[in-house]
Each structure stands twice: as C-alpha cells, then as structure tokens.
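**Student:** The chain contents come next:
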Amino acid sequence: MREPSDAEMWRSVEATVRNVLLPSITDEWARVITVQLVGLARYAATRPPDRTAARVAELAATLDRLAANPVVAAHWRSPSTEPRAVLGAVSAVLADAVSRDDQPGDDIRAGLRTVVSRHLDEDLAVSGMLMPYFRGKLPDA
Amino acid sequence: MRDELERWIGEQSGADVGVAELRRITTGHSRGNWLLELDDGSRFVVRVEQGGVFGTAGADEFEFMQAVGRLGFPVARVRWLEATGELIGQPFFVMDFIEGGVTTDREDRSLAPELAVDFVRRLDELHRLEWAGVLDGPAPSDATHVQIERWADVYRTSSSMPIPLLEEGAAWLHHLAPHLERVAIVHGDPGPGNFVHDGHRVLAFTDWEFSHLGDPTEDWSFLLSMRGARTMAADDWLHLVRTEAGVEVSDEQLRYWKVFNFFKGACANVTCLRAFAGVNPAPNMALIGTVLHQSFTRQMADLIAG
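Protein sequence lines correspond, in order, to chains G and A.
The first sequence: position 30 = 30 (this note's numbering), numbered continuously.
The second sequence: position 4 = 4 (this note's numbering), numbered continuously.
In isolation and in its complexed conformation, chain A is listed as follows (with noise of 0.2 Å):
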C-alpha cells in the first residue's frame, strides 16, 4: 500500500514526493483511516472503504466534505480521491490532518459544557447553510420519502430474504413522513467521536459518509437518541438545542426520527453479513450485522408500536 500510495499521490499532485509514514489511526467499521506523512512533513488522512460496509461510498463523502468545506464549513480539506477501488483493493480518498486535536478514548463520549455548546451551535450552522449552486437537492416534500428509499434499497441489496419489521418500518416511515419547510444538509452520524476538537471548541466535523440532503430534525434526533445518549441526558440536549440553535424538537418529531434512524442503523447494518461473507471477514462484521442490526430493529419496531 505504501509503494503504491506514493506513486500515486506523486502523479496526483504533479510532484516528487516521499512517505515518510504510513500507519492506521482511529478506526471506524464503515472505513479504515491511515495517517500518511509525506517527507516534506505534510500530513494526511488516507480514508479507506471497507467492502460497501453501510452502503455508503467514499466518493459521495468526498462531494460531500468538498462542499461543505467551498461553504466555509470547518472541515478536513479534501484532496484526491481513488474511486475505483484498483490501486489498493478499495477506494479511498485523501484529505489534511487536521492538526491540534485532543486524542480520547474511542467509547469516551464526554463533552466540556462549553464543547457541548459549541457543538450544537457548529450543527446548527451546518444546517443553515445555502448549499444551492454547490450540490444537487430534492424538493422539500420528497427530501425524507428519497431517503427511506435509499436506506430500503441498501437492505434489500444487501440480504437475500425480505424482512418483514423493515419493510413495515419503511411504509410506516412513508405514511407519517412530516411536512419539510427547507431542505437542508444533513450530516447523518453527528456527536461525540465525530468530529475533532480541542477540548473546548470544534475543530473539524468528521465523518462524512452517512451525510445527504434531507431534514435536519434527524441529526438533532440521532444526536441526542444515539450518538450523544452518553454524553447527557435527552432533555439535557433539548434544552441545549433549544437555547443555542434556537430549534424546537418536538416529542412527536422526536418519535418520527428515532424510527427513521434505527431503521436506517437497521438496514445499513445488514449490509456487514455481505461484507462478512466476501472482503471483509473481520468479526465486528458478523457481530454488526447479528446482535446490532436485530437491536435497532426491535427499537424501531417498539417505537412504531408505540
């Protein structure tokens, strides 16, 4: 990989370059991430797919942080991308490292009271970018209705057999699918262990692959339901939201996008037993695609049960 690493960032940026270190860093299940230091003391962070791992592509995550970062939104500038897969058996894609980021614990979900509120405000500012002329969007009223689809259609590709609580957790999702007033970017995986920081501010939201264009309850949703549950309590988060975004996330909304996002945990998660069973044969495969994916469909389908 380093040989070919080389070769290729040296035909990509038109210079005679060297790598003076190659080494996997903070590893995630949907992509492995290399820390590259180049001779000159340029570092970079080699972001590598692993076998259609949740259905995402390393490619719609570059158009992604590429636009975001055109938006003045603080992000790792992106700067080659490898789409095909042919020169290190996945694609990839490079970008900067963004240096002065505290290293923590990868299950610590802690936050200082400021770094939470910077947070929330960051968020709510990814939100509120124009990204018309930048990226291509759905109407407001099938913005939500294309993203069950997406998330179905990852399911359905990916297992053999039909499953029953998902495709009711599609239709319900369809039938109670709240009116959107402004499609807005949404990131898709936001909180804690998601973005870099210096103990008190944002330095970099990272994590780009489940990003798209849709309604932006579902990150306050998935933020404090899932990625942040740790992190403080629910109402906690609400109030923080609520003071410093200025955003209303009702009990009913709340509901609405807990579904959407167990389902869409649930769907993404089934494709790890065709990873399992093809190129990538790491157990948190096998365990990702067992004991997650039927936990996120029993959430789902209690929440539908009400």
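If we strip away everything but chain G, and leave its shape as in the complex, we get (with noise of 0.2 Å):
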C-alpha cells in the first residue's frame, strides 16, 4: 500500500479540523480562523500546479509578435524567459499604454492586457472559493 498523497493528507485535515474540531470552539474570533484553515486545506488539495513558467512563456511570445509596436520595442529590447524580467516589461509596457489613446496603445491592450486579464481569471477561478471561508462561513455547511 502506498503512502497518502498530499491530497488525502489535506483532507484529513480539512475534515477533522471541520467535523472534530470546530464544533468545540465557540470564540467568535477562533471559529474564523479554523473555517478559514478548513477552506485554506481544500485550496491546498485542489489548486492546480504552479502555472508562472508557462504564463511568462506566454507573456514573452506576446511581447515577441508586438515587437513592432513602438510601446512594447521600448521595453522589449533583449528578449529573455526569465520571470522577472518579462513581468518588468509587461508591467512597463501596459503602464505606458495608459496614457495613449493611439493604435500602439489598442493594440497593446488588446493583444497583451487581455492575456494577463486572463491569467488573473484563471487564479480567481481555483481560489474563489475561499471567499465565504474568508468570511467565516462554511459553503456548504
């Protein structure tokens, strides 16, 4: 027999914390730490892997097809995948597109804005249910 996976660890402890634990807690401020620890072991089960590699991957080849943009060439001068660097030059890029009502300024927050937009989507997806954690309330109790 194998040994349990992380999954089925965080499940014990998201199901003993909220079936033993917590009807024995009655400060008020105790009770919402422990709902929220319930709904932090789910987001620990659930969430998928670590997506950054592949969103800056994206990032970068986005900033590579709007090399031609006079925005994005003033920030995108030598190429790289390494996270910092690329989010740096998103991060530049969109924050000069702020302030110009041109065409390099649509496109960059068509062609780049939109992709973050997404990536920010995608995590609100996986931890939106920690909102009524948040709150001290159990979802499904």
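Just so you know, nobody snuck in bad clues.
Under the rule of at most 20 Å between Cα atoms (straight-line distance), these lysine to any residue pairs were calculated in the SDA-like manner:
{"id": "1", "chain 1": "A", "residue 1": "K258", "chain 2": "G", "residue 2": "V98"}
{"id": "2", "chain 1": "A", "residue 1": "K258", "chain 2": "G", "residue 2": "S117"}
{"id": "3", "chain 1": "G", "residue 1": "K137", "chain 2": "A", "residue 2": "S110"}
{"id": "4", "chain 1": "G", "residue 1": "K137", "chain 2": "G", "residue 2": "S24"}
{"id": "5", "chain 1": "G", "residue 1": "K137", "chain 2": "A", "residue 2": "E107"}
{"id": "6", "chain 1": "G", "residue 1": "K137", "chain 2": "A", "residue 2": "R230"}
{"id": "7", "chain 1": "A", "residue 1": "K258", "chain 2": "A", "residue 2": "Q299"}
To be clear, the hints were calculated from the coordinates, so they are not data collected in a lab.
Assemble the dimeric complex from its two separately framed chains, guided by the hints.
**Tutor:** Encoded structure:
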C-alpha cells in the first residue's frame, strides 16, 4: 500500500478540523480562523500546479509578436524568458500604454492586457472558493 | 506578555501597576487588540502589529491618533508606544478603552439612521480639521501622487515579481489624478465596524492605521463602495453625504477613487503573503494574499477598462 498523497492528507486536515475541532470552539474569532483553515486545506488539496513558467512563456511570446509596436520596442529590447524580466517588461508596456489613445496603445490593450487579464481570471476561478471561508462561513454547511 | 506589559506600563506611567485582566478582544487582520485592566480599575486597549500586515506601522497610527485627539476629534486617547517590537515580539501601543460602546457582530454593518447621520457629520468634521502645525503634510499637487507611490512601494517591497496590472493601475492613477484644492486628514478605512458608538452617536473613530493627509474623496468613495456597501445603497450614502456634509461626489470622482481604493487594497494584501511565509502563519494571511488580492486587482482592472 502506498503512503497517503498530499491531497489525501489535506483532505484529512480539512475533515478533522471541520468535523471534530470546529464544533467545540466557541470563541468568535477562533471560529472564524478555524473556518479559514478549513478553506485553506481544501485550497491546498485542489489547486493546480504553479503556472508561472507557462504564463511567462506566453507573455514573452506575446511581446515578441508585438515587437514592432513602439511602446513594446522601448521595453523589450533583449527578449528573455526570466520571469522578473518578462513581467517587468509587461508592466512597463501596460503602464506606458495608459496615456496613449492611439493604435499602438489599443494594440497593447487588445493583445497583451487581455492575456494578463485572463491569467488573473484563471487564478480567481481556483481561489474564488476561498471567499466564504474568509468571511467565516462554511459554504456547504 | 502579561508580565512584560505590567513591568513596561509601570515604567511608562511611573506608577506601581498590576494587571488584573488581559484578554484578546475584537480582532482585525492588521492588528491584535487586547483589553488590559489594571488593579485600579482603569481599562486600556493594547494594539499589537501582526508582522507588517498591510504595510502600516503602529507608530504612524499612534502619531495620527495623538494629532486628531489634540485637534478635538473623538478618538481614544493614546498613552504609550513601543515601536521596536522587542518587548512582546511585535510593536504595539496602548490607548484608553472607550467606555459605553455597543458591541455588535464583526460582520454586522447595519447602522441606525441617526447613527449614520452622525457618522457622516463626524467624518466630514475630520476632513475639515485644520491640521497645519500638528502634522506635516504634502502640497495639494503632490498629495495623491504620494499616496499612489506609497501603496505601489508597499506591494513592490513585498512581492518577488512585478505585477503588471498593479503597475498599470499606478500609471492610470498618476495619469488621471484629480486636482486637489486642500489637503485633508483622511481616515483611510472609514465606516461601520471602525468606530465605537452607543447605538445613536459616534463615541470614537477607531482603526487609524491607514490614516494620512490627502484627498478626502478617498474616504467617501471607500465608505460607499467598500466598508459601507452592505449598510445602504451607494445612492443613499451619496444623498446623506450631500445633505449632511454638503459634499458632492461626482461619478468621475467616484470611479477614480474606487480604482484607487481597489489598488490600495490589492497592494496592501500582497504583504499578507510575506507575513504568512514568516512571522504570521495564520490562515487569514494566506486567504487575503490570494483571493482578496486577486479580487481587488480584478475590480480595479475592470474599472480602468471601463
């Protein structure tokens, strides 16, 4: 028999805290924190692997495609796959585009901002289940 | 903690004091609050930092509370500050306990109509205080830009990576910063849950960790779109602000300061991941640093996109 997986151990933490410990806790703040711990255990068991590398690669490819754009060209002089460099370039490009109502600005908002925005939506699709726990409520109680 | 506090308060007050009771009371995310009762019956609140959460410092909060108290604004009297963190592991200060307050559920945002009116009048009064000579502040042309950079720096020093949508947010806020006639004291987190009341009247404003000098529209926007959003509809708040404070907040101003407040929240929330990985491994830190940070960033980005 194999050893329990991380997901199985997190499921044990969630179930034990929720069903055994929580009913005996009366202090208001302690109950809130305990409910949050239940949510955190579920999140740890269900979240996908870190997507940073794939996202950085997608953003770098997007910057490459927009290389002729003057705003991108100003901040993407030496293409890289290093996360800090890529995210720094994306940040600078989006920030510079704020004050531009012209075609290069629109192209950045359509071509680059939408990618960053989708990444955020993907994160929220996973983490959104934490919100009721944060407010101290068990969503399926 | 009890022995350390007893000795330290004795040193600060110059009196031989004994601690009769020390217990944790209302708890926020950025500060732990402890009720402290001495042998002579005097009661205080010990307000303890939680590992740099939200990038605010008790020493700054102490200074602001002291200043607004001097100006006659209703606030708990601050007594003693321990800013090093060496005594109990975190910086803290001690303030008077406000007697006569009504205790409500931490999620309860309801207000009696007369209390809402009194609160709006008091917040307006705060904004109209003449702070020169008591606090050092920026020029009106700099005030909003200072705050944008303050919060951007909070995120930049807490995150290992640039966050593109926050950098875009900072640029948008700088680009569209509204003209400011007069710099005011801004509470930074005003509304239900952050003042003590007797059910009808405000006894004291609390939770001053976000206070600063800036544009008071930040407070009105925060009240009606965030902390007071569950109390009444934004239009009802706007009506109250107009009739009781004589303040008009335009749709354009509202949008700008909503973006600012979501930006500020998203930046502040990043600090929780650093705290979680270090001195404060409580689950609320992980939740604030993930889902709340992402939710605030989403709302900010949507408002910018129009």
